[in-house]
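A.B. asks: What follows is each chain in one-letter form.
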Amino acid sequence: MKKIISLEEAAKLVKDDMTIMVGGFLGVGSPEKILKELIKNNVKNLTLIANDTSFPGQDYGDLVVHKMVKKVIVSHIGTNKETGNQMHSKELEVVLVPQGTLAEQIRAYGAGLGAVITPTGIGTVVEEGKEILEVDGKRYIVEKPLRADIALIRASKADKNGNLIYDKSARNFNPIMAMAADIVIVEADEIVEVGELDPNFVMTPHIFVDYIVGDDK
Amino acid sequence: MKKIISLEEAAKLVKDDMTIMVGGFLGVGSPEKILKELIKNNVKNLTLIANDTSFPGQDYGDLVVHKMVKKVIVSHIGTNKETGNQMHSKELEVVLVPQGTLAEQIRAYGAGLGAVITPTGIGTVVEEGKEILEVDGKRYIVEKPLRADIALIRASKADKNGNLIYDKSARNFNPIMAMAADIVIVEADEIVEVGELDPNFVMTPHIFVDYIVGDDK
Amino acid sequence: MDKNKVKEIIARRVAKEFKDGQLVNLGIGLPTLVANYISHDIDVTLQSENGFIGMGIAPKEGEEDPNLTNAGALPATIKNSGAFFDSATSFAIIRGGHLDYTVLGALQVDEKGNLANWMIPGKLVPGMGGAMDLVTGAKKVIIAMTHTSRGNVKILEECTLPLTAKSQVDMIVTEMGVMKITDKGIVLIEKNPEFTVEEVQKVTFAKLIISDDMKEMEI
Amino acid sequence: MDKNKVKEIIARRVAKEFKDGQLVNLGIGLPTLVANYISHDIDVTLQSENGFIGMGIAPKEGEEDPNLTNAGALPATIKNSGAFFDSATSFAIIRGGHLDYTVLGALQVDEKGNLANWMIPGKLVPGMGGAMDLVTGAKKVIIAMTHTSRGNVKILEECTLPLTAKSQVDMIVTEMGVMKITDKGIVLIEKNPEFTVEEVQKVTFAKLIISDDMKEMEI
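Chains as they are written, first to last, in my numbering: chain A, 659 to 875; chain B, 659 to 875; chain C, 21 to 239; chain D, 21 to 239.
For the record, the hints were derived by calculation from the structure and aren't laboratory data.
Some hints here could point you the wrong way.
Claimed, not checked - Here are some chain B residues the structure puts well away from chain D; computed CB gaps all over 10 Å:
#1 ASP674
#2 ASP675
#3 ASN699
#4 LYS729
#5 GLU749
#6 GLU751
#7 ASP794
#8 LYS818
#9 ASN832
#10 ILE841
#11 ASP856
To be verified - In silico SDA-like pairs for lysine to any residue, Cα to Cα no more than 20 Å straight-line:
#12 B/LYS788 x A/ILE790
#13 A/LYS661 x A/LYS788
#14 B/LYS788 x A/ASN700
#15 C/LYS132 x A/LYS739
#16 B/LYS694 x B/GLU848
#17 C/LYS160 x C/LYS23
#18 B/LYS728 x D/VAL145
#19 C/LYS200 x C/GLU238
#20 A/LYS728 x A/VAL753
#21 A/LYS788 x B/VAL800
#22 D/LYS23 x D/LEU50
#23 D/LYS160 x B/GLU848
#24 C/LYS200 x C/ARG32
#25 A/LYS788 x B/VAL793
#26 A/LYS739 x C/LEU94
#27 B/LYS748 x D/LEU144
#28 A/LYS818 x D/ASP40
#29 D/LYS39 x D/LYS99
#30 B/LYS748 x D/PRO86
#31 D/LYS132 x D/LYS200
#32 C/LYS143 x A/LYS691
#33 B/LYS802 x B/GLY781
#34 C/LYS132 x C/LEU94
#35 B/LYS802 x A/ARG797
#36 C/LYS23 x C/LEU50
#37 A/LYS729 x A/ASN699
#38 B/LYS729 x D/VAL145
#39 B/LYS802 x A/ILE662
#40 C/LYS99 x C/VAL64
C-beta: ideal position from N, C-alpha, C; glycine also.
The whole structure should be built from the sequences, with the hints applied where relevant.
C.D. replies: This is how it looks when you write it as structure tokens:
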């Protein structure tokens, strides 16, 4: 059985200077409750790996607003003007990565691969300073795997052992982040008994999950 | 709607000299009916990409027995002595690949990646003649993506549009092969109406499937 | 021309490119409108890169599902022939060449097929999102945009803004016409009858090659 | 010693290594037996590399499911806490370091931690299957085997057969004892009381370092 912990306990696992991955796509499918709790703790100098920086006033978008983040590795910042502001004032380092590359970099770490060999970004600024690998006469960028100390993810259902099911487009980066962090904390909309999820349809096997957060009790 | 075709029509799509991928793990989850039909056609000089060469007397194991294959790219041949015999008599070229590398090579083609960068095989004969990529001081083998002209796969359920669900350990290589071939033919244990499969639990989206074979009518 | 009419002309024309059974990704903004003009006689599957295929029409008010949104985080629906997947699979579809068309807007596009649509240094840095993968991976890339933007010419000999991808654009559709990117340059294959060739050329900083069988664009 | 007793001694000892909550992959043959000796006080998850975690005991006759087999194609079961996945995910688990232990047999193993267990040139070429990924990716590699095979010594200074992986073996468990691979060589940490150190060394072609607190192996 995995440890079911409170929101407070979950948020406390995130400490200054950590690298965290947060699931979600413009906030959809992100662990909102854990993030709300985390913001209360006012942790500092985080490196945030996510698809984007969401919107100000919600979920991981507010990590930036509250200046808890020193560096973001994301594919898009256009929906959170605070990210752009802090980037221009040099308070925040912004690393922009093509979305598909970002997804594969996270998957590559989880899968024990040494690099991602992608055509995306060839001929653009994205290739600058990076190693190029030629395969059968075609040029590819060598992108390194991405890992995190903690992944904060969101599932629609978790059994008490940590098997997960996601709902619709809220799945997005959650399953791959579950494989790429030392500690994985899932915020589940519903916690069910072991045996209630059909093994054929589990989306993240329980071995990837360390802690489950249900409600605030 | 995808074309639902007969076993005969399906088997006829496989022609001499083609590279084919066949789903299954020691025969479990392989498209047995299509293979039985294919063997009647006595196609020649196939290149077979599969996890193994199964057992003589069944499914893709019999493609080797009937000398329809000139080359196999597999992780294991120990269960089919005919493979070993033809290898020793030089009738058959056998390329042995670590199972995880094989899976990633197939996935890499489907995902448009230029290569697989794996630690598996370093310090063994597997690395011989291959490019080595060093990432942060660690050595990895550069393995090239694998594609096929046709993938023959097996699903437990297909809707009439080609969305697929696999059953238990019969899933294995089927979903990744569905993404790595020019033409994908699925043998479905059951064909259901569009709408009967929950989009959240579809394992292979219909866009990867070209033809569905149900029964022999 | 009326702004909405301009958008409609462009979106309607792009939609004509699609064939039965194809998979298409429509970018946010103007390209999204293309969905409204796809013929009902063909079955075109729309991908939403945040993780599904089979995107349907926008939901009615009150029927939005917070877990079902498009790549712009707006409420979406899925057809009963659709399927959800994670981001790695979504971009495997895109990068792996399984997408027949991607339709995107542009800041600049040039006669080599280069595209710039993700940043203006020092000014606008939203990030590339999925655009670089889409333009690199899709079989065909269609740029759907107004011919100029606030008087600025966008079709150039060579892009000056940071590129999204090199030599990947196949076609440009604007309210003035339809252009194909070829080895020889940009060929005008259809023209809005409200404009002369000279008028189109005037707001295009790449030399237009006029197709021998140039057609009138439906407006 | 009775063959079955030998196997039992080895399997029982290997099982003691596991801790609550760990994920383990057991190779076919002798390593499979280890499952029978895992303490009921701990929850150990077994992976089957053909595509699931949570492997249970073999099914009763008549209850076999053709779609549920282990990596040797034999009928298997899954616990209700298990999960199925495809081969790419299965090896992502293996290669990605998510596996706490892999237990495999060996043709040869040496004092550098090198392992040979997939081919004998010109004789036996079954292929590596998942072994190379397992040995490369698992956090700990345990070799479970009879100390010798038909009189042939298998624990060597240096493997002569083609390697499965270089410097990956952590522990060797045989019916004669338990050995750890260290930077200094092979350390005998437990010994079957039925044998003397000299007897063990005689059938081991690498110099055994005898641990200061060598224990008696439970037999």
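A.B. asks: Going through the earlier hints one by one, which of them does the structure break, listed in rising order?
C.D. replies: The structure conflicts with hints 9, 13, 14, 15, 17, 23, 30, 32, 34, 39, although it agrees with all the remaining ones.
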